[in-house]
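Enquirer: Here's the letter readout for the chains.
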Amino acid sequence: MTTDTLAPAPLDPRSWLYPTPRGLYCEPGDFYVDPAVAVPRAVITHGHGDHARPGHRAALATPETLAIMRSRFQDMPDTAQQPLKYGESVRIGDVDVGFAPAGHILGSAQAVLAYRGQRIVVSGDFKRRPDPTCPPFEPVPCDVFITEATFALPVFHHPSDAGEIGKLLRSVATFPERTHLVGVYALGKCQRVIRLLRQAGYDKRLWLHGGLVPLCKLYQEHGIDLGDVAPVSDAILETFKGAIVLCPPSALADRWTRRFADPIAAVCSGWMGVRARARQRGAELPLIISDHADWPELTRTLTDVGAPKVWVTHGREEALVHYARSIGIDAEALHLGGRDEEES
Amino acid sequence: MQAFAHLLDALSFQPARNAKLRLIETYLAETPDPDRGWALAALTGGLDFPAAKPALLRGFGQEKIGEDLFALSYDYVGDLAETLALIWETDPAAGPPPTLGEVVETLQRASRRETPAILKRWLDALDATGRWALLKLLTGALRVGVSARLAKQAAANIGRQPVDAVEEIWHGLSAPYRPLFDWLLQDGPRPSTNAGGAFLPPMLANPIDRAELDTLDPLHFRAEWKWDGIRVQVASSGNVKRLCSRAGEDVSKAFPDIIEAIDFDGVFDGELLVRRETAIAPFNDLQQRLNRKSVTPKMLKEHPAHVRLYDVLWLEGRDLRSLSFDERRARLEAWIALKERPRFDLSPLVSFRDWADLAQQREAMRIDGIEGLMLKRGDSAYLAGRPKGPWFKWKRDPMLVDCVLMYAQRGHGKRSSFYSDFTFGCWRDSADGTRELAPVGKAYFGFTDDELRWLDKWVRDHTTNRFGPVREVTPELVLEIAFDGVARSTRHKSGVSMRFPRINRIRTDKPAAEADTVDSLLRLVP
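If you read the protein sequences in the order shown, they are chains A and B. Counting the first sequence from 1 gives a position; the working numbering is that position plus 126. Counting the second sequence from 1 gives a position; the working numbering is that position plus 1238.
To be clear, the hints were calculated from the coordinates, so they are not data collected in a lab. Watch out, some of these pointers could steer you wrong.
Claimed, not checked - Computed far set for chain B versus chain A, every beta-carbon distance over 10 Å:
| # | residue |
| --- | --- |
| 1 | Pro1335 |
| 2 | Ile1446 |
| 3 | Asp1452 |
| 4 | Val1533 |
| 5 | Arg1567 |
| 6 | Leu1638 |
| 7 | Asp1754 |
Claimed, not checked - Chain A regions said to be covered by chain B (calculated; three or more residues, Cβ under 8 Å):
| # | region |
| --- | --- |
| 8 | 383-394 |
| 9 | 399-410 |
Stated by the list, open to error - Quick list of in silico lysine-lysine cross-link-like pairs, DSSO-like style, CA-CA up to 30 Å:
| # | chain 1 | residue 1 | chain 2 | residue 2 |
| --- | --- | --- | --- | --- |
| 10 | A | Lys367 | B | Lys1695 |
| 11 | A | Lys435 | A | Lys211 |
| 12 | B | Lys1302 | A | Lys435 |
The beta-carbon is built from N, C-alpha and C at its ideal position, and this holds for glycine as well.
Put together the whole structure using the sequences plus the hints.
Expert: Written out as structure tokens, the structure reads:
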């Protein structure tokens, strides 16, 4: 707890954690958080490609995140891997490093950094609503909270997951002779959508594009029950009429789709809430399912963590900075390179 | 309201016609009266209440989240109604969301002063999609890609009736159309047609070419010029005076000069044209007057509308459709001879000895405003739809131009994995004296499925640049484009716009440098 730092801290947090071209650097620990390039020592919040990159000499992450990285980066034999469970902590240099659940995807964590009585939480990507594939976000009281801002505009109110899955199932019932192709990001979104379909009572076989298979296996190995799933390439005498097929969003407009019966392109993403964006992506059935916090979640989180200082990074910083200042928080934008909007 | 909102939402993202039909059918079959009737009215453009002003919506938004955040939000979304729908939060204490019937009936009664408070209550009770649909309804622009005709088709489909059977009684009905649904779904009586005032589904012609003509006896056929305007039906009975497009869409508001000139009782088939003195103006001039809610006096003076009549369906309370073409024609000629009407005249018959003679006249006729010839059997009754045999259109051969493929865009639905929308250009001299391509048009049909596969592969293999769903290609492929007309245009970069362009042939044999120039295209402007 930070009760001993209620008085203005003499220490400037920017003096020990600051952005550099290689990424967010923690000087007294000599490590980077989610660096954009390979570095000697990295602390990784979660497995998405714009946070976890290959080639670090040493990487500290949750056991699940390390498993995801091994699956994506050919086992990473040249990286010294240091697993750290949620709630545990380890000292690197003069800094205590711990992880708290971020609720974003399997293994996703907030990095909790403590140095000379000051605590900074790097939230990484997070969301607040329940996700059947990972533990929920835990607010950690801190002096500085570094928040993401992917959907930081008041127009982003992600509707309920159940409602969006209902939209998909209603479309399947209305067009029973067509194939529903559902564009999902391979890590996290895919498995969450499968679990949501199962929760909604859909127990038929779900077909997978080849690019989704390895991470689905990994989730299953971590005890996430995906039910009856099978790769499209295994299908024999299958017409896919009335079927739900999951694929990466990029495959929706690919020649790969020509094997299916008059397909309908569904896209699962937080961006689908804005019509122009949904049209731009060619979605015929936009489903607003996001692994990132929406505006009410982002603003509520600022109150929940109670940090007097907030740094806002990747996304629409301006609106969240404006909001935070309006409720008396000392907020500013923190510019980090190498972030990818596609994975939202 | 929520069910209607889901329908509009699904329609707005669904490009395919059949899928849109299915969505509307499902909604109409599952939704009780009167909501489905109000929905049908909304989709056919038949709802009318005072539109909400943008300033009101902006004020709502600023009040909710403050000016700065609202400005940032609107800037990102780009649509005022959508922005407001998204930033507003559902209030669980607001009670159940309103039904569509409640919304329509309340708005029709409410005064302008009461509207804002009512609106806020509904915004609180609806979800984001519901709010979006409500605001679209209120701002008078649904823009979900559904024509009145398509909505009527869906209604007809749920009762297993032909759309023309709905069309024929449509103008005698009013929202929320309870008798219509009783008839379609519950064995109720068919609502009566409103005689002279009703829209009568038009008779359409099939295309024919020179070779096929030789299988027909010229003595059985009458010929007329095919005018390059818009097919309309002029209907008048009692207090009703109406001008409808061939799809049954009421276009009276855009043509008050025609409506004013109606002083008769009957239903006529004819071509809407812009006519100055005796000359028919190019199609472009007519287009200036279409799709306008109000017409300025200047418009009326500079683009005077005119109807050239070629058939009579009803006259003074009598249905003439079962008579032969020759008999109807005789009545039409006798009627028009009775009184001079400057806004109406008769489309003359073209006399001919045999097909060769007619072919010669068709070739010789090169004036603007004529698209070809119509051939109608003298003994043909006036039948709704496109019956095979009695009527033919023998269009003028299209003009051809060789263009170079510049950009390709992915299609929709079945074509979403194919590059199927093609933008092509012609050569012109650029400012620095070199030759450059200027885009002159866009075509997405005219090719076979095999040719589409070939074009798709060619585009993928020759891409030089990508802009979202659009690919720029190396300017190497010559496409022979067929089109029906060309006009000068200030809206197009090249200064020309083509009418009905389609891909006639893929000219892999022709080098791109030998494609046509913008100048040669401009020379075809009449």
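Enquirer: Examine each Cβ of chain A, and state whether all of them lie more than 10 Å from the Cβ of Ile1446 of chain B.
Expert: For Ile1446 of chain B, whose nearest Cβ neighbour in chain A is about 33 Å away, the distance exceeds 10 Å, so it holds.
Enquirer: Hey, Lys435 of chain A versus Lys211 of chain A, does the alpha-carbon distance stay inside 30 Å?
Expert: Satisfied, since the Cα-Cα distance of roughly 27 Å is no more than 30 Å.
Enquirer: Would Leu1638 of chain B pass as off the interface with chain A, using Cβ distances and a cut of 10 Å?
Expert: Label holds. Min Cβ-Cβ 32 Å, cutoff 10 Å.
Enquirer: When you check the alpha-carbon spacing of Lys1302 of chain B and Lys435 of chain A, does it fall within 30 Å?
Expert: It holds: about 26 Å lies between the C-alpha atoms, which stays within 30 Å.
Enquirer: Per the coverage rule (Cβ-Cβ under 8 Å, at least three residues), is the region 399-410 of chain A covered by chain B?
Expert: holds (count 10)
Enquirer: Pro1335 of chain B clear of chain A by more than 10 Å, beta carbon to beta carbon?
Expert: 14 Å, holds
Enquirer: So Arg1567 of chain B supposedly isn't at the interface. Is its beta-carbon more than 10 Å from every beta-carbon in chain A?
Expert: Non-interface label stands for Arg1567 of chain B: nearest chain A Cβ at 47 Å, farther than 10 Å.
Enquirer: Over 10 Å from every CB of chain A: does Asp1754 of chain B meet that, or does the non-interface label fail?
Expert: 32 Å, holds
Enquirer: For Lys367 of chain A and Lys1695 of chain B, compute the direct alpha-carbon distance and say whether it is at most 30 Å.
Expert: Distance ~27 Å between Lys367 of chain A and Lys1695 of chain B Cα, so the pair holds.
Enquirer: For the region 383-394 of chain A, do at least 3 residues have a Cβ located nearer than 8 Å to some Cβ of chain B?
Expert: holds (count 6)
Enquirer: Decide, holds or violated, for the assertion that all CB atoms of chain A are farther than 10 Å from the CB of Asp1452 of chain B.
Expert: 41 Å, holds
Enquirer: Taking C-beta pairs only, is Val1533 of chain B more than 10 Å away from all of chain A?
Expert: Non-interface label stands for Val1533 of chain B: nearest chain A Cβ at 32 Å, farther than 10 Å.
When each numbered hint is compared with the structure, no violation occurs for any of them.
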